[in-house]
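Novice: Going by my numbering, the first residue of the sequence shown is number 183, and it counts up by one from there.
Please keep in mind that the hints were generated in silico from the structure rather than gathered at the bench.
No false leads were mixed into what you were given.
Simulated restraints, written as ranges between beta carbons of each label pair:
#, residue 1, residue 2, range
1, 598, 414, 36 to 44 Å
2, 628, 317, 49 to 57 Å
3, 547, 440, 50 to 58 Å
4, 385, 519, 49 to 57 Å
5, 441, 490, 47 to 55 Å
6, 407, 641, 39 to 47 Å
7, 509, 299, 27 to 35 Å
Each computed PhoX-like pair below joins lysine-lysine, with the alpha-carbon atoms no more than 20 Å apart:
#, residue 1, residue 2
8, 291, 441
9, 291, 448
10, 421, 291
11, 421, 223
12, 395, 382
Where a beta carbon is used, it is the ideal one built from N, C-alpha and C, also for glycine.
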Amino acid sequence: MQRWLVKLGRASLMMANNEKSNTPMLGAHIPFDQNSVEVVKAFNSRWYILAVYVYYATISCFQWVEYSIVTNIVMHYYQVSLSAVDWTGVMFMIVWPIFVFPSSFLIDKLGLRFAALAGCFLTALGATIKLFSIDQGAFSVVLIGQAIVSLSQVFILSLPPKLAVTWFKPNEVSTVCSIGVFGMQLGCALGFLVPPMVVKDVEDLQEIALSLKRLCWALAIAIIPACLAVVLYFPHMPKYPPSMAQAEERRKVQVVTMKTFLQSLKDLLTNMGFLVHMLGYSISFGIFSAFGTLLNHFVLSYFPGATEDAGRMGLVMILFGMTGGFLVGIVLDKTHKYKETNLLIYIGTAICLGALVVCLKIQAKLLAYLTIAIFGFFLNAYIPAGIEFASELTYPTNESTTTGLLTAASQTLGVIFTLALSEVNQSWGTIWSLLIQIGLLVIGCVLTALVPNNLRRQEAFNKGGNPVEFVAVSQEESLPIKG
Numbered sequence: 183m184q185r186w187l188v189k190l191g192r193a194s195l196m197m198a199n200n201e202k203s204n205t206p207m208l209g210a211h212i213p214f215d216q217n218s219v220e221v222v223k224a225f226n227s228r229w230y231i232l233a234v235y236v237y238y239a240t241i242s243c244f245q246w247v248e249y250s251i252v253t254n255i256v257m258h259y260y261q262v263s264l265s266a267v268d269w270t271g272v273m274f275m276i277v278w279p280i281f282v283f284p285s286s287f288l289i290d291k292l293g294l295r296f297a298a299l300a301g302c303f304l305t306a307l308g309a310t311i312k313l314f315s316i317d318q319g320a321f322s323v324v325l326i327g328q329a330i331v332s333l334s335q336v337f338i339l340s341l342p343p344k345l346a347v348t349w350f351k352p353n354e355v356s357t358v359c360s361i362g363v364f365g366m367q368l369g370c371a372l373g374f375l376v377p378p379m380v381v382k383d384v385e386d387l388q389e390i391a392l393s394l395k396r397l398c399w400a401l402a403i404a405i406i407p408a409c410l411a412v413v414l415y416f417p418h419m420p421k422y423p424p425s426m427a428q429a430e431e432r433r434k435v436q437v438v439t440m441k442t443f444l445q446s447l448k449d450l451l452t453n454m455g456f457l458v459h460m461l462g463y464s465i466s467f468g469i470f471s472a473f474g475t476l477l478n479h480f481v482l483s484y485f486p487g488a489t490e491d492a493g494r495m496g497l498v499m500i501l502f503g504m505t506g507g508f509l510v511g512i513v514l515d516k517t518h519k520y521k522e523t524n525l526l527i528y529i530g531t532a533i534c535l536g537a538l539v540v541c542l543k544i545q546a547k548l549l550a551y552l553t554i555a556i557f558g559f560f561l562n563a564y565i566p567a568g569i570e571f572a573s574e575l576t577y578p579t580n581e582s583t584t585t586g587l588l589t590a591a592s593q594t595l596g597v598i599f600t601l602a603l604s605e606v607n608q609s610w611g612t613i614w615s616l617l618i619q620i621g622l623l624v625i626g627c628v629l630t631a632l633v634p635n636n637l638r639r640q641e642a643f644n645k646g647g648n649p650v651e652f653v654a655v656s657q658e659e660s661l662p663i664k665g
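Using the sequences and the hints, build the whole thing.
Specialist: If you want it as structure tokens, here you go:
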């Protein structure tokens, strides 16, 4: 303790000297008043926290398209309708708007550790329940398992921005948010790739049952390490804040109550810039959800019998999207051009979907792969870009509340788009379903152009004049807090 007080004294003296020279200090201690000295540090364990999150987010998101990507096989095995299989994916979009506000309140009140525990163990419970869904008459068990996994996502999907600002340096926040979204997209990519490889389109029902059993057991086992990792070490926050903005937030020390939470919601719902952005984001995310759920229908309409191609196209779309999401995080951290980046991505998405329609219409399979890859690059890159722009527009509102409301609106439109486009697909044909999506993306471009470029979070990061440099500390120093 004495050694630490000496360090603080030296740091305070260095700060006094730095004020004269206007030189930013390495490992800075930020004084807020005459009687307090705030330590600002970035901990090495932040990368462990991020890795654990990415791992369990991947397993949870894998299960979104686990059944819908092999729709025809599931229909054949369980003897259920097309719409029944669609509900295994649509359910994820319905559960979110219902539970997003209670979950956001709990995350704000109880912190990241609670969110990680809830996300991991609900995913594990849902995967375990599906072990009992292999019997041909047990499709209802599939739906129960999917419902519980979808419930886990209300504690998972809104975490990247909160995790980023709680644990990481200001110049890492957008990149880390993109890496968090990368975990979700990796899960979707594997969900498109693995089920068609494991669950083969054959007439032998026993062989289908065996392949479904293997898939369910693999998921149930894969989530166990994540549960153990979260139980052993996943603090709700590091010992010291990683930025001046976080230091300011900690100084306020406001207990989260239902009243303060409702006030946060009121602030969001009266922020016109955020509302316009939320509508534009919801259109893009809704199309992402609907397109992923209905991809099997779209591909088979133009390439009959190409079930594995549908899975591969979904994989290509997500893999290129993961690349786009990661790159956009780096671009945002370097440039802070949030609105401009969002608008360019939106325009690229609309153009690429138009090109994809042409490729499908002329039945050019290789060109379809290429255009769906570029389409995925833009469509998926918009998710972290849109989340980060929302955090900028709504600061200092809690990031999990902002992302929760943003995703609730998107999931609601996702349900509407999926059900409506599925009906259009069956009644009018795939071409009309795709053209409607292009029209919606054009509307989204206009909305994004109308959003004010109000970067509140950047103003907070830059508060106090010169920027502060940060250093990572040892793992040993980062371990005292487990709460």
